[in-house]
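Chains as they are written, first to last, in the numbering used here: chain A, 1 to 124; chain B, 1 to 792.
Bear in mind the hints are in silico, worked out from the structure with no lab data behind them.
Certain hints may be false.
As the list claims (entries may be wrong) - Which residues of chain A face chain B? A few of them, derived with a C-beta cut under 8 Å, are: (1) M1; (2) D10; (3) L17; (4) K36; (5) G81; (6) A92; (7) Q95; (8) A100; (9) I102; (10) L107; (11) L109; (12) Q111; (13) I120.
Claimed, not checked - Per label pair, the in silico range of CB-to-CB distance: (14) B:P705 x A:A11: 17 to 25 Å; (15) A:A11 x B:K637: 43 to 51 Å; (16) A:R68 x B:K683: 26 to 34 Å; (17) B:Y589 x A:G71: 41 to 49 Å; (18) B:T731 x A:A11: 31 to 39 Å.
C-beta atoms are modelled at their ideal positions from N, C-alpha and C, and glycine is treated no differently.
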Amino acid sequence: MSTILIIDDDAQLNLMLKSALELKGYTVDTACNGKKAKSLYQKNSYDVIITDIIMPEGDGFEVILDLRRMGLSNRVIAISGGGRTSAEDYLATAQHFDVAAIFSKPLDLQQLRNKVDEIIKSHS
Amino acid sequence: MQESLFTNSPYVIALSVIALIIVCYFPIMLGQKTSVKQLPRSIHQLVIISIFWQASSLIGDIFFSGSNFELGSKAYTARQIFFGVAGLAWIQLGNAVQHTAEISLNIKRKGRWKLMNIFGAIIMVISTLIFIKNPSFISNANIFGYRPFAERPVFYFYSFIFCIFVVPNILVAGYHILHNIVQSSDSTLPRQVSIYMLSAFSFFSMLAILFDFFIPIATRFADYDQFLKWTQFISIFLAILSGQYFTSVSFKNKSASWFLDKLKDKMIDGLLFYNNNGQIKLANPAALSILHTTMDNIFNKSISSIFPQITDTTRESTYNKIKIKINDEDHIFNVTTFQIRQSLSTYYNVAFFSDVSKALHYQQIIKIRDEQFKEYQLDQIRYQERLNIWKKKVDESKSFLDTLISTLPFRFWSKNEQGVFMTQNQNDIKERGNLLQTSEPDDKILPQELLARNEGEPQSFISYERTVKAKDDSFDEGDTIEILKQDDYNKAVREGKTKDILIFNNMFIPIIAPQKPYKIIGIKIDITKEMRLEKERDMLQEQKHIHSRLEELGTICGGFAHDYNNILGSQIGFCDLALEVIEKDSQAYLFIQEARKAATRGKQSLEELLNTIRGKTSEKDKPTEFPPYMIIDDVVKKLWITLPPNVKVKAENIDKNIRIVGNVAALDRIISNLANNAVFAMKENGGTLTISLKREELKEPLITPYAPQIEAGIYAKITVEDTGTGMDTATLERIFSPFFTTKAPGEGLGLGLSSALRLLKDGNAGYTVQTTLGEGTIFNLYWPIRNEKMEA
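Whenever a hint applies, use it, and build me the whole structure from the sequences.
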């Protein structure tokens, strides 16, 4: 059974993504910031990690770079709604750090689930 | 047998020859003393008498001596003629001697003596004729029965003639001299001479009479063979004596004696003559005047009553500065006493004195004046020196002023009280020509200038001038200057027509003096450039301000949009999930579809809002041309406010000529960010932040680690260098990530460098970064200079 970690400071978005992926039959964990996520992905092994970029404690870049050091950057999907600057900037930077995919908010659930499937298949 | 009239004695003949020589030499002898011409006629007469007498007598002695002469023979006649010639000479002797004495003693000659002389000569001629023709007429002459000439007719007859015509004259002359000696009060030289003269005169006369008359008669003419021989020789002495006497006595007015007498009378020093007893006998006028007395008062007074210091009246001595009281006045005298010996037995004592009190007084005054004069000369030299120093100083300061005025970078002139130009510097002359010593027409003079000149109020104002080109070149001198009002200028600024307008700062400064009106100094500074620059700076400031306000709004909206996007995203996501699980024909499915539509619409309107804000921002951010040094200045100023005390900031090597095209706010943000980071890096240990700006041309593309490639081209290179902690490789990799920060929570979000990166990209600018841990970091920004010409 594939496991997925979702990291976003918006609890509602976490719940929505978790529901959408659980509907597809994945096991989903959520974390509301990079710090909490770190304890999770160090403890458990995840097939896909979906992370927001702008977060209050331990931002998305930290997570991405951390996972890159762990050799897991190809399992990472970066999502961003943009903030003070446009979302594309952050996502472009994220892409620079070799993430598997980037999605800007609001998310297209269908495409996201397809990408998740794709990543899992590529690893199995 | 005749009487012998001439002797044949060789001694006498020899004596006669010598006498003749002496007589002939006599005029020369006299002439040596005084000119012959000055001698009176009587002296000449004496000489001629002597010459004739000696000559004829000598001829007689040689040719007609002895007694062997026949009466009527030629020899006899010749003998008588020569005797007569000699007689004509001696008959006049007395007259000449008397005449000389009278002239010498200034006695008026009486005519009867002359008559008598002529009468004597006639008698002599007649008697000679009688002796030649008929000698017996004389020898037989009977006077009252007595024949006086019978025995020796020649001797007695001529002796008789001699007594009648010569002796009286000589006696009278002797009387005159004696009278002169007795009568004269003048005890000086002439009297002495007269005494000598009379003695000699008497002696020689006696001698002649003794030998020529008394001895022959007494000896009864034993060996007597001559007549008047002694008188003949002595006449020479008489002539000499007469001449001497005349020159000594009657020439006294023109002689050394006369000169001394005059000197004595005219000299300003006193002379007192006194005898051995000290009795004053004579005083010169100066002595009387000095002593304030008269001759009568002083005569026979003792010399020591006047000069008590003189005790020994006969000693020669000198007394210096002796004090004498005369009429209660103190006088100081120098007195010298000495003796004048006039002859063996006579001498005078003389006191020669001068009143030196005045001389001393004058000497004192002269001494003082001399000192004063020297002091004055010294003063003059000192004054001249001071004058020279001052002149040098004045010259120096004048040339200093001249140089200063002529090199002033603005227009400078001065006018005197009447408004005439006195000074103009090069800038002013270049602008409106040489106007020195001229004045401007009244309508051209500004009211501010008049205020300064007449009231002494300094004036300073800004003027706007537009140069209007003359339409017709033949008209006037060309361009005219139109003075604009401030409103006109503002209008021109709005319309962008400021190119031909010059802005000046004008000053009229009065040089305050005790009286109005005043001289004034005029200064006109071209501040067009400064004003434009200021305006530019204001505009940049305004732009930055607007931008930052919009950015603030954008940031707020961005944050809001971020949150709202998430919210809407969740809503749409849940809607999608619901639609997946719900029956498609149920009514709820329709409702959820509507809810999703509404959320999508909200998302669209949110995007529109964001786009609007961003679009506006970017529109306002349109690139402008500006000099980057202004931004650097601003940043440095801003930093100063928040700078920790251990950090220093400096702007070095700032090239103010560089102008770039770009977004003012962006550059400000970038430099601010870099500078803030640099200051942060130095917070702990302190250090120096250096910002520099220079032009750099890259010949080939610049490739450095951690930064994109920079293309070849011309750039404004802005360097921000700190001496902070530096960065490690991991940090360096991520410095441009948003929210990447090494700052502690609360110190910063970490968005600075990442947004700076975007801004750099927008401006087509590149950067390089060099860092060493523990030493510091250098950021170089390369901002392209698009158009080289803009630099100017």
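Do the hints match the structure? See the list:
no.	hint	verdict
1	M1	20 Å, violated
2	D10	4 Å, holds
3	L17	7 Å, holds
4	K36	16 Å, violated
5	G81	4 Å, holds
6	A92	10 Å, violated
7	Q95	12 Å, violated
8	A100	19 Å, violated
9	I102	14 Å, violated
10	L107	6 Å, holds
11	L109	5 Å, holds
12	Q111	12 Å, violated
13	I120	20 Å, violated
14	B:P705 x A:A11: 17 to 25 Å	42 Å, violated
15	A:A11 x B:K637: 43 to 51 Å	46 Å, holds
16	A:R68 x B:K683: 26 to 34 Å	31 Å, holds
17	B:Y589 x A:G71: 41 to 49 Å	45 Å, holds
18	B:T731 x A:A11: 31 to 39 Å	32 Å, holds
Hint compliance for this structure: hints 1, 4, 6, 7, 8, 9, 12, 13 and 14 are broken, all remaining hints hold.
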